[in-house]
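Participant: For chain F, the structure is supplied; the task is to place chains Z and G on it using the hints.
Chains F, Z and G, in that order, give the protein sequences. Our numbering puts the first residue of the first sequence at 113, with every later residue one more than the last. Our numbering puts the first residue of the second sequence at 113, with every later residue one more than the last. Our numbering puts the first residue of the third sequence at 113, with every later residue one more than the last.
Calculated directly from the structure, the hints in this document are not laboratory data. Keep in mind it's a predicted model, so treat the numbers as computed, not measured. Incorrect hints may have been included.
A pair holds if it fits inside one copy or across any two, identical chains being indistinguishable in the list.
[Unchecked claim] Taking lysine-lysine pairs in the PhoX-like style, the calculated list, with each CA pair at most 20 Å apart, reads: (1) Lys437 / Lys447; (2) Lys173 / Lys437; (3) Lys437 / Lys180; (4) Lys452 / Lys413; (5) Lys205 / Lys308; (6) Lys141 / Lys308; (7) Lys410 / Lys437; (8) Lys413 / Lys437; (9) Lys157 / Lys180; (10) Lys135 / Lys395; (11) Lys205 / Lys180.
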Amino acid sequence: MEFTVSQIALLLGGEIKGDGDVKINMLAKIQEAKPGQISFLSNPKYEPYIYDTQASAVIVKKDFVARKPINSSLILVDDPYSCFTALLEEYHKFISFQKSGVENPSYIGENCKIGEDIYRGAFSYIGNDVTIGNNVKIYPHTYIGDNVTIGDNTILNANVKLYANAKVGSNCVIHSGVVVGSDGFGFAPQADGTYKTIPQMGNVVIGDHVDIGANTVIDCATFHGDSTKIGNGVKIDNLVQIAHNVSVGQNTVIAALSGISGSTEIGDHCVIGGQVGIAGHLKIADNTSVGAQAGIGKSSKVGSKLFGSPAIDLMNYHRSYAIFKNLPDITHRLKQLEEKMLDLQTFRESQ
Amino acid sequence: MEFTVSQIALLLGGEIKGDGDVKINMLAKIQEAKPGQISFLSNPKYEPYIYDTQASAVIVKKDFVARKPINSSLILVDDPYSCFTALLEEYHKFISFQKSGVENPSYIGENCKIGEDIYRGAFSYIGNDVTIGNNVKIYPHTYIGDNVTIGDNTILNANVKLYANAKVGSNCVIHSGVVVGSDGFGFAPQADGTYKTIPQMGNVVIGDHVDIGANTVIDCATFHGDSTKIGNGVKIDNLVQIAHNVSVGQNTVIAALSGISGSTEIGDHCVIGGQVGIAGHLKIADNTSVGAQAGIGKSSKVGSKLFGSPAIDLMNYHRSYAIFKNLPDITHRLKQLEEKMLDLQTFRESQ
Amino acid sequence: MEFTVSQIALLLGGEIKGDGDVKINMLAKIQEAKPGQISFLSNPKYEPYIYDTQASAVIVKKDFVARKPINSSLILVDDPYSCFTALLEEYHKFISFQKSGVENPSYIGENCKIGEDIYRGAFSYIGNDVTIGNNVKIYPHTYIGDNVTIGDNTILNANVKLYANAKVGSNCVIHSGVVVGSDGFGFAPQADGTYKTIPQMGNVVIGDHVDIGANTVIDCATFHGDSTKIGNGVKIDNLVQIAHNVSVGQNTVIAALSGISGSTEIGDHCVIGGQVGIAGHLKIADNTSVGAQAGIGKSSKVGSKLFGSPAIDLMNYHRSYAIFKNLPDITHRLKQLEEKMLDLQTFRESQ
Numbered sequence: 113m114e115f116t117v118s119q120i121a122l123l124l125g126g127e128i129k130g131d132g133d134v135k136i137n138m139l140a141k142i143q144e145a146k147p148g149q150i151s152f153l154s155n156p157k158y159e160p161y162i163y164d165t166q167a168s169a170v171i172v173k174k175d176f177v178a179r180k181p182i183n184s185s186l187i188l189v190d191d192p193y194s195c196f197t198a199l200l201e202e203y204h205k206f207i208s209f210q211k212s213g214v215e216n217p218s219y220i221g222e223n224c225k226i227g228e229d230i231y232r233g234a235f236s237y238i239g240n241d242v243t244i245g246n247n248v249k250i251y252p253h254t255y256i257g258d259n260v261t262i263g264d265n266t267i268l269n270a271n272v273k274l275y276a277n278a279k280v281g282s283n284c285v286i287h288s289g290v291v292v293g294s295d296g297f298g299f300a301p302q303a304d305g306t307y308k309t310i311p312q313m314g315n316v317v318i319g320d321h322v323d324i325g326a327n328t329v330i331d332c333a334t335f336h337g338d339s340t341k342i343g344n345g346v347k348i349d350n351l352v353q354i355a356h357n358v359s360v361g362q363n364t365v366i367a368a369l370s371g372i373s374g375s376t377e378i379g380d381h382c383v384i385g386g387q388v389g390i391a392g393h394l395k396i397a398d399n400t401s402v403g404a405q406a407g408i409g410k411s412s413k414v415g416s417k418l419f420g421s422p423a424i425d426l427m428n429y430h431r432s433y434a435i436f437k438n439l440p441d442i443t444h445r446l447k448q449l450e451e452k453m454l455d456l457q458t459f460r461e462s463q
Numbered sequence: 113m114e115f116t117v118s119q120i121a122l123l124l125g126g127e128i129k130g131d132g133d134v135k136i137n138m139l140a141k142i143q144e145a146k147p148g149q150i151s152f153l154s155n156p157k158y159e160p161y162i163y164d165t166q167a168s169a170v171i172v173k174k175d176f177v178a179r180k181p182i183n184s185s186l187i188l189v190d191d192p193y194s195c196f197t198a199l200l201e202e203y204h205k206f207i208s209f210q211k212s213g214v215e216n217p218s219y220i221g222e223n224c225k226i227g228e229d230i231y232r233g234a235f236s237y238i239g240n241d242v243t244i245g246n247n248v249k250i251y252p253h254t255y256i257g258d259n260v261t262i263g264d265n266t267i268l269n270a271n272v273k274l275y276a277n278a279k280v281g282s283n284c285v286i287h288s289g290v291v292v293g294s295d296g297f298g299f300a301p302q303a304d305g306t307y308k309t310i311p312q313m314g315n316v317v318i319g320d321h322v323d324i325g326a327n328t329v330i331d332c333a334t335f336h337g338d339s340t341k342i343g344n345g346v347k348i349d350n351l352v353q354i355a356h357n358v359s360v361g362q363n364t365v366i367a368a369l370s371g372i373s374g375s376t377e378i379g380d381h382c383v384i385g386g387q388v389g390i391a392g393h394l395k396i397a398d399n400t401s402v403g404a405q406a407g408i409g410k411s412s413k414v415g416s417k418l419f420g421s422p423a424i425d426l427m428n429y430h431r432s433y434a435i436f437k438n439l440p441d442i443t444h445r446l447k448q449l450e451e452k453m454l455d456l457q458t459f460r461e462s463q
Numbered sequence: 113m114e115f116t117v118s119q120i121a122l123l124l125g126g127e128i129k130g131d132g133d134v135k136i137n138m139l140a141k142i143q144e145a146k147p148g149q150i151s152f153l154s155n156p157k158y159e160p161y162i163y164d165t166q167a168s169a170v171i172v173k174k175d176f177v178a179r180k181p182i183n184s185s186l187i188l189v190d191d192p193y194s195c196f197t198a199l200l201e202e203y204h205k206f207i208s209f210q211k212s213g214v215e216n217p218s219y220i221g222e223n224c225k226i227g228e229d230i231y232r233g234a235f236s237y238i239g240n241d242v243t244i245g246n247n248v249k250i251y252p253h254t255y256i257g258d259n260v261t262i263g264d265n266t267i268l269n270a271n272v273k274l275y276a277n278a279k280v281g282s283n284c285v286i287h288s289g290v291v292v293g294s295d296g297f298g299f300a301p302q303a304d305g306t307y308k309t310i311p312q313m314g315n316v317v318i319g320d321h322v323d324i325g326a327n328t329v330i331d332c333a334t335f336h337g338d339s340t341k342i343g344n345g346v347k348i349d350n351l352v353q354i355a356h357n358v359s360v361g362q363n364t365v366i367a368a369l370s371g372i373s374g375s376t377e378i379g380d381h382c383v384i385g386g387q388v389g390i391a392g393h394l395k396i397a398d399n400t401s402v403g404a405q406a407g408i409g410k411s412s413k414v415g416s417k418l419f420g421s422p423a424i425d426l427m428n429y430h431r432s433y434a435i436f437k438n439l440p441d442i443t444h445r446l447k448q449l450e451e452k453m454l455d456l457q458t459f460r461e462s463q
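Chain F extracted, bound-state conformation (with noise of 0.2 Å):
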């Protein structure tokens, strides 16, 4: 990627103060950025670095005003950050988007639909009844079970496993080591104390702009016909466990090494800490959001805010926690009480 300033500001729609015909190859933050690399400036606590930065360009407000003299170009925008973050995600396309072709050797089934566009890494599967959307990346040792579908612009990293019948949706990132639709945790105990696996036989289905992160689990619905379900605009952290027949909503957030037990539906707009856990079976409204290493035994109203395990009001939860720390010194208040009481009582009957 090489653009110049006069490119970029028009991409973003903004003015240019300063030279546009320097060269851009590279995005980097304001403090750190070297000759050649485009910045921005957002946070004003920031401001002192844009006066020393190397950066050949810089992305401020509309309104800024220099106190110093400023060496970058700069280009004048209403919101920087979104700017900068438009710049990023086009970066990253970019980056993302560089594999194509087939290198050998791959495996693909019967009867596959596969769009344009492609990436098959080396040692890539593909089963057979997969249909494939255009512009996907499939990394070598991706699996690809039968009669899964995937849609365009999804990026599936080396060591991808999706199982049969899964469906994911258009410009996903999946990255490695990501399982999806191994089976529920559900056996049947029997009368001598062994336990019947029960089959799974539902799939899971992902929806678009998801990403899940390394190493995470998405097991698949328990019953044919039923789906363990990710709503558009999730986004899944690392080593999560997603049980069978959950469902996410959309645009919810879940931390690393988090676990939501089975059937569980979680609302719209939810933020999930790191190594929370929550039970089965509950409904997690939307816009709740829950803190690191919570356990979630209930289910929330919308817009809870929720700590502890079990989990209670957060800050209910820190009050009793500040107390909590403190209870050698309420017990020693309680001896005293228990010592003036005793000596009032004695008093008293001395009387």
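Facilitator: Same frame as chain F, now just chains Z and G:
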């Protein structure tokens, strides 16, 4: 799979009420079943569904008395639940064991003994001196190290990794991304603050009828001749960590994201919740039940029910936690008492 | 491996007592050793075993005085423990570096520099512009992205995934399923409630003598030129999450299922227990020790010992938790005091 109701009734030893010639090709929940599907009714609260279901057949209790007309054929049995799970199991086997033959390229080393009706997916790897029973299914990208033994009817899904010398029993299902036999986390501290890796030379021995969830890891034992042991009928969920030299007793169940530290022995018929941590060198007795997110730091007695971190008796934890949530009130009452006490003391001294 | 006791004594700089010609082919614990094996005695409480052991040789302290006859040959050294770990290490190297040559099919891209005595297992993948040192062992299904560098004597077990631009030092052991360099979990919230993926363009730099457990994930840094850094001698257990831009200092140890959030810096010689969560942008000072399941929300001082969630000083936590377990008794005492107080007040008012 397509069977008549009569054939299924014969299999289950049940009696038919209605048309025995109807064809069945799938199993489903009673509230969601469609024509051609079979369901069951066990829990009386689901009875209303039987009068509306589109299921072609329903398995019911022998003494079931319909209060309205039913369109489905009925199969009358002693225990509809276990009959249905038996059918599910048959169906699962039917689905799971469909694959057979060798896809290319795949790799196989020297001196291997391979049974009949094997599936070896493309890019599967079998090392030297490996012994594999009959009807074993090895999906693509699965790695089987040197000197591994695998029993009959075991399924290794895509990308299972068995390090050298592992022994896996018969009728097991191992899911994608599972690692069996990686090095235990053992490091000998040196005088200069560094650690020397203690080589891990034991293996892992897995019994029969064991299910292991996706991306779970089971480390090998430290010493040659020792084994990390997973008993018959054990069910392990996704993303679980089983450290070196652990032994897990028969029919114990471990939910997702739990970790068992080195050399701990877990008894038979235990139920370990999700995200549980168990410290090393403990003995967890038979029938112990551990609540989600608990942290076990001590050995347990038979039948214990544990909760909290560090874990204590479940009921005691709940009693204490109920008060924890009320601690601001407790301190308020304490403060009031202190004021009253001061008041009384002042009064006494004034007399 | 088969050596005489004399050869081993020479290697360890020890003195022989007994037969130096006995042949040794394995290491074992003193209570389990068999003929042909060597063991050690360091901790005096294991002394009784030395009189019964079947070990052909035992490494003991120079000043060890036998109180009964011993059948094994003895090797007398200053520090039996470290001599034994040294032997274990030699043995491990011997085992680990047995594999060599190239198995087919395997894949290698363009412009790679590959050292000598390499093992490249079947289905291993090496991208373009990769540099690999001498004596590196690349097991089957391992993926090495473009522009990766790997130092001498490093072992990548089956199915390791190194994203593009990762740098791995020498003498490292990386276990199956490890993902190095996946995207950090960074999403820019947009006005419409969706998230825009912030492309992650940095890399991961791993030092020398680092061990990484199975299915652990280390995300790359966000900006080009930045790195997520793992210092020399770091030991990371299975299923650990290391987020973008984290740095882990030398000789720090992190147990299974722990998660370190973005941009946190962990010092040297820290010990992080299992299932620990550490929030983002913190500084964990050198020699900090964190108990299992703790949740760290604040930066720590050198030598801190932390426990609980949110974590506080270990001893303080235990003091408070001891009272927590007794809270029903505390409330009972409080209630009694309230009753007595009421009684006293009534008495006072009655006078």
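Participant: Determine for every hint whether it applies to the structure shown.
Facilitator: Right, here's what the structure says about each hint:
no., hint, in the structure
1, Lys437 / Lys447, "both (18 Å within a copy, 17 Å between copies)"
2, Lys173 / Lys437, "neither (46 Å within a copy, 47 Å between copies)"
3, Lys437 / Lys180, "neither (50 Å within a copy, 55 Å between copies)"
4, Lys452 / Lys413, "neither (46 Å within a copy, 40 Å between copies)"
5, Lys205 / Lys308, "between (46 Å within a copy, 12 Å between copies)"
6, Lys141 / Lys308, "between (56 Å within a copy, 18 Å between copies)"
7, Lys410 / Lys437, "between (26 Å within a copy, 15 Å between copies)"
8, Lys413 / Lys437, "between (29 Å within a copy, 19 Å between copies)"
9, Lys157 / Lys180, "within (15 Å within a copy, 74 Å between copies)"
10, Lys135 / Lys395, "neither (52 Å within a copy, 38 Å between copies)"
11, Lys205 / Lys180, "neither (36 Å within a copy, 61 Å between copies)"
The structure is inconsistent with the numbered hints 2, 3, 4, 10, 11, although it conforms to all the rest.
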